[in-house]
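Starting from the given sequences, assemble the full structure and let the hints guide the process.
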Amino acid sequence: MADYRYYLDYAASAPLRPEVGVAMAAVAARAGNPSSLHGSGRVARAALEGAREQVAAAVGALPAEVVFTSGGTEADNIAVLGGVSSAWAREAGRTRLVTTSVEHPAVAEAATTLADRTRVVGVDDAGRLDEGEWMDALDGSVAVASAMWANNETGVIFDVASLAEAAHRAGAWAHSDGVQALGHVPVSFADSGLDLLSLSAHKVGGPVGVGALVVRRGLEPAPVMYGGGQERKLRSGTVSVALAVGFAAAAELAVAELAAEASRIGGLRERVVAAISGIEGARVNGEGTSPAICNATFAGLRADDLLLMLDAAGVDCSTGSACTAGVHRPSEVLLAMGRSEADASASVRFSFGWATTDDDVEALVGALPDAVGRARAAYAW
Amino acid sequence: MRVLVAMSGGVDSAVAAARMVDAGHDVTGVHLALSKNPQSFRTGARGCCSLEDSHDARRAADMLGIPFYVWDLSDRFKADVVDDFLAEYEAGRTPNPCLRCNEKIKFAAVLERGVALGFDAIATGHYARVTRVGDEVQLRRATDAAKDQSYVLGVLNQEQLRRSLFPLAGTEKPQVRAEAAERGLYVAKKPDSHDICFIPDGDTAGYLNRHLGEADGDIVDESGAVVGRHTGSHQFTVGQRRGLRLGTPAADGQPRYVLGISPVANTVTVGPRESLTVRSMECIRPTWTGSARSGSWRGLVQVRAHGAAMPASITADGDRVRVELDEPAHGIAPGQAAVHYEGDLVIGAATIAATEGAGRAAA
Numbered sequence: 001m002a003d004y005r006y007y008l009d010y011a012a013s014a015p016l017r018p019e020v021g022v023a024m025a026a027v028a029a030r031a032g033n034p035s036s037l038h039g040s041g042r043v044a045r046a047a048l049e050g051a052r053e054q055v056a057a058a059v060g061a062l063p064a065e066v067v068f069t070s071g072g073t074e075a076d077n078i079a080v081l082g083g084v085s086s087a088w089a090r091e092a093g094r095t096r097l098v099t100t101s102v103e104h105p106a107v108a109e110a111a112t113t114l115a116d117r118t119r120v121v122g123v124d125d126a127g128r129l130d131e132g133e134w135m136d137a138l139d140g141s142v143a144v145a146s147a148m149w150a151n152n153e154t155g156v157i158f159d160v161a162s163l164a165e166a167a168h169r170a171g172a173w174a175h176s177d178g179v180q181a182l183g184h185v186p187v188s189f190a191d192s193g194l195d196l197l198s199l200s201a202h203k204v205g206g207p208v209g210v211g212a213l214v215v216r217r218g219l220e221p222a223p224v225m226y227g228g229g230q231e232r233k234l235r236s237g238t239v240s241v242a243l244a245v246g247f248a249a250a251a252e253l254a255v256a257e258l259a260a261e262a263s264r265i266g267g268l269r270e271r272v273v274a275a276i277s278g279i280e281g282a283r284v285n286g287e288g289t290s291p292a293i294c295n296a297t298f299a300g301l302r303a304d305d306l307l308l309m310l311d312a313a314g315v316d317c318s319t320g321s322a323c324t325a326g327v328h329r330p331s332e333v334l335l336a337m338g339r340s341e342a343d344a345s346a347s348v349r350f351s352f353g354w355a356t357t358d359d360d361v362e363a364l365v366g367a368l369p370d371a372v373g374r375a376r377a378a379y380a381w
Numbered sequence: 001m002r003v004l005v006a007m008s009g010g011v012d013s014a015v016a017a018a019r020m021v022d023a024g025h026d027v028t029g030v031h032l033a034l035s036k037n038p039q040s041f042r043t044g045a046r047g048c049c050s051l052e053d054s055h056d057a058r059r060a061a062d063m064l065g066i067p068f069y070v071w072d073l074s075d076r077f078k079a080d081v082v083d084d085f086l087a088e089y090e091a092g093r094t095p096n097p098c099l100r101c102n103e104k105i106k107f108a109a110v111l112e113r114g115v116a117l118g119f120d121a122i123a124t125g126h127y128a129r130v131t132r133v134g135d136e137v138q139l140r141r142a143t144d145a146a147k148d149q150s151y152v153l154g155v156l157n158q159e160q161l162r163r164s165l166f167p168l169a170g171t172e173k174p175q176v177r178a179e180a181a182e183r184g185l186y187v188a189k190k191p192d193s194h195d196i197c198f199i200p201d202g203d204t205a206g207y208l209n210r211h212l213g214e215a216d217g218d219i220v221d222e223s224g225a226v227v228g229r230h231t232g233s234h235q236f237t238v239g240q241r242r243g244l245r246l247g248t249p250a251a252d253g254q255p256r257y258v259l260g261i262s263p264v265a266n267t268v269t270v271g272p273r274e275s276l277t278v279r280s281m282e283c284i285r286p287t288w289t290g291s292a293r294s295g296s297w298r299g300l301v302q303v304r305a306h307g308a309a310m311p312a313s314i315t316a317d318g319d320r321v322r323v324e325l326d327e328p329a330h331g332i333a334p335g336q337a338a339v340h341y342e343g344d345l346v347i348g349a350a351t352i353a354a355t356e357g358a359g360r361a362a363a
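So the sequences go chain by chain: S and A.
Residues in the first sequence are numbered from 1 upward in steps of one, following my numbering.
Residues in the second sequence are numbered from 1 upward in steps of one, following my numbering.
These are computed hints drawn from the structure, not numbers from a lab.
Just to be clear, a hint being listed does not mean it is correct.
EDC-like, lysine to aspartate or glutamate: derived pairs with alpha carbons at most 20 Å apart [said to hold, decoys possible]:
# : chain 1 : residue 1 : chain 2 : residue 2
1 : A       : K36       : S       : E332
2 : A       : K36       : A       : D80
3 : A       : K147      : A       : D83
4 : A       : K36       : S       : E341
5 : A       : K36       : A       : D83
6 : A       : K36       : A       : D22
Simulated restraints, written as ranges between beta carbons of each label pair [as the list claims (entries may be wrong)]:
#  : chain 1 : residue 1 : chain 2 : residue 2 : range
7  : A       : D203      : S       : E91       : 31 to 37 Å
8  : S       : R283      : A       : D62       : 31 to 37 Å
9  : A       : D84       : S       : G140      : 54 to 60 Å
10 : S       : T113      : A       : E214      : 51 to 57 Å
11 : A       : M1        : S       : A46       : 21 to 27 Å
12 : S       : E91       : A       : R210      : 51 to 57 Å
13 : A       : M1        : S       : E19       : 50 to 56 Å
14 : A       : Q158      : S       : G366      : 52 to 58 Å
15 : A       : D203      : S       : E362      : 55 to 61 Å
16 : A       : Y186      : S       : P18       : 30 to 36 Å
Among the chain S residues that face chain A by a calculated CB cut under 8 Å, a handful are [what the hints assert, rightly or not]:
#  : residue
17 : G229
18 : V284
19 : E287
20 : D305
21 : M309
22 : D311
23 : G326
24 : V365
25 : R374
26 : A378
27 : W381
Note that the Cβ used here is the ideal one computed from N, Cα and C, for glycine as well.
Take a look at the structure:
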């Protein structure tokens, strides 16, 4: 078991940026609830609102549009469930959700609770959304149309601006899960035309446990949990100032570095793609992807066995899909892209970020051929 | 060595893994998911196969700082163990699925998958010993006679034994628990698992009813006279006394036992305890822990996991093994495994195909 970890699982969680730790430490030890009127409360509120302004600036939104949440999952749930349940108050008959077949479980599982009020639009074998089907699905009964910005498994990027425009033509709210987009592709809430945008801190080097739902000014989705009415009455519960400050610092850094990092990380991804193309029976999944994610199928093995072999070589990566009791299921995203169950169970995600080095990628490239060979030999059993 | 440890979530395999780490091996834990739809929680004292067990195994591995994976062997387990178990009962025999699992799953599919992935050996929390004599690896009983599990390992061959490690070999169960507690392993006080892992409520008859269905038939005595009715011959095991619900009492007023099961005729034959007496057995499908035996020798035979080792004369001839017991025994059913020992050394195993008593040849 290698002690040094070559970490290639940024899409799961990125390491905390040192500047973020410093910024959080500066506020974490202070007492004070940002909702309190006294001096300590004012200091906490000043830090919280400063963080809100920083996040807003990083994603091209107004500070009043940034609602801090516990993370991307909560933001997605508020957008989807709160967006749909509040629609009746705006216009009778808007009861439905339109979404895609490749969403993160935070949207997909929330969508299943709406049962037959959800319509799911498919993708092609490169992971691209069927835009014709998207248009067809949108009508006066649709409350929310939700399509992710960058896919968490394949990195495929949707043209959210055009999807949002189509949603608006039908009078629906447009939501996007932007968790994997932030810091890796340019994200401007204002330019996107979106009404709702989900973000998470820890994918860009911020702390785990905080994210945001960006809500267009004037829109009032319903909350999904109730309490003291913090965060525009949309997300009750005392906001963690330290987490918000950490999120803001990480978002600011990630966006400031984006242009340079996208090209550096894109180069690392190209190196991985080249190594994969040198392995027989391997293919990279998805076209038009984020530079930060590379998903590949290695025919004739179990993804778990490949992960075990790479793990033993010190390389951390994942399948990117959910598991049940530790058993990986075929990737729903790859199944939606028309892959067989066998191929959807033979796929691994490598993902990169702010601290990924050439060494990390070379460790993967060096270990991959033998790991694939052994995992294929084990497949017979 | 790179060692794969099969971790059930119980205390034994957790301590086995810990000892492998202490011994300086490069250890990886695997939990075998054997059920397609595992229950969330253990039912009663029994462990294995629930999500809680998987969590317990992972927690132990994390505490030991070793990689941990869950391998989904549910399809293979169903095909090789569960379906075989049902087919054997349907055929009127009494199988032991644990031996089958060791033979086909743990020391076959799991071991081979591990070897392909570069592991040198598999370690388990079984109570058994392996000793090396020259080139040969010998399987022996564990030091703790009450916990000895050499019986369920009796189906392993030399190739499998060469790559198997049983780190609990020389330890008694209370020491294993004490060691787990000392190491801070949460599972130190977890109850032992019993019975058959895929029948967590222990109701084998109910399980068989659900999977094989009910089929009414006659219960007959040795003369062929109908003495009762049953709802499925698979619900019975040779030697069983309880639950026969016979309407006609025996002439001598003595309790009656299941003597034999004829699935084709769907009849269950009952009779007095004397008729259960077995003096010899015909066994098939022998496996040998070392080189294959032939000819006759004196040894010991054990027919259930915690049964007595019975002195016997054993004759092996190709695919058949005949066992002549020194002293007659009771309750030996076709389908059970006869595991052969010499002292505490395991020689091999074979499946009982037929038994013979005094003046009686049974199924």
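Evaluation of the provided hints:
As the CA atoms of A:K36 and S:E332 are separated by approximately 18 Å, the hinted pair is consistent with the 20 Å bound. At roughly 14 Å between alpha-carbon atoms, A:K36 and A:D80 fall within 20 Å of each other, so this suggested pair holds. Restraint check for A:K147 and A:D83: the C-alpha separation of about 28 Å exceeds 20 Å, so the hint is violated. Between A:K36 and S:E341, the direct Cα distance comes to roughly 16 Å. Compliance with the 20 Å bound is thereby established for this hinted pair.
For the given pair, A:K36 sits about 14 Å from A:D83 by alpha-carbon distance, which is consistent with the 20 Å threshold. A C-alpha spacing of about 34 Å is found between A:K36 and A:D22, which places the hinted pair above 20 Å, so the restraint is violated. Distance hint for A:D203 and S:E91: a CB-CB separation of about 57 Å, inconsistent with the stated range 31 to 37 Å. Between S:R283 and A:D62 the beta carbon distance is about 34 Å. The supplied range of 31 to 37 Å therefore holds.
Distance hint check for A:D84 and S:G140: the Cβ-Cβ separation is about 59 Å, which falls inside the suggested range of 54 to 60 Å. With their beta carbons about 40 Å apart, S:T113 and A:E214 fall outside the hinted range of 51 to 57 Å. Checked against the given bound of 21 to 27 Å, the beta carbons of A:M1 and S:A46, roughly 59 Å apart, lie outside it. At roughly 52 Å, the beta-carbon separation of S:E91 and A:R210 lies within the given 51 to 57 Å, and the hint holds.
Judged by the Cβ atoms, the range 50 to 56 Å given for A:M1 and S:E19 is violated: they are separated by roughly 44 Å. Checked against the hint of 52 to 58 Å, the pair A:Q158 and S:G366 fails, with Cβ atoms roughly 37 Å apart. Between A:D203 and S:E362 the CB atoms are about 57 Å apart, so this pair conforms to the stated range of 55 to 61 Å. Hint check: A:Y186 to S:P18, Cβ distance near 35 Å, so the stated range 30 to 36 Å holds.
Interface hint at S:G229: violated, since its Cβ lies 36 Å from the closest Cβ of chain A, which is beyond the 8 Å cut-off. A hinted interface residue such as S:V284 counts as satisfied when its beta carbon comes closer than 8 Å to some beta carbon of chain A; here the least separation is about 24 Å, so the hint is violated. Because the smallest distance between the Cβ of S:E287 and any Cβ of chain A comes to about 31 Å, over 8 Å, the interface hint for this residue is violated. Interface hint at S:D305: satisfied, since its Cβ lies 6 Å from the closest Cβ of chain A, which is below the 8 Å cut-off.
Interface restraint check for S:M309: the shortest CB-CB distance to chain A comes to about 6 Å, inside 8 Å, so the restraint holds. The criterion of a C-beta within 8 Å of any C-beta in chain A is met by S:D311, whose closest approach is roughly 5 Å, and the hint holds. For S:G326, the interface hint holds, since its Cβ comes within 8 Å of a Cβ in chain A; the closest pair sits about 3 Å apart. At about 19 Å, the closest approach between the beta carbon of S:V365 and any beta carbon in chain A exceeds 8 Å, and the interface hint on this residue is violated.
Checking S:R374 against chain A by beta carbon gives a least distance of about 5 Å; that is within 8 Å, so the hint holds. Given hint, S:A378 at the interface with chain A, holds; its Cβ is 4 Å from that chain's nearest Cβ, closer than 8 Å. Here the hint on S:W381 is kept, as its CB sits about 4 Å from the closest CB of chain A, short of 8 Å.
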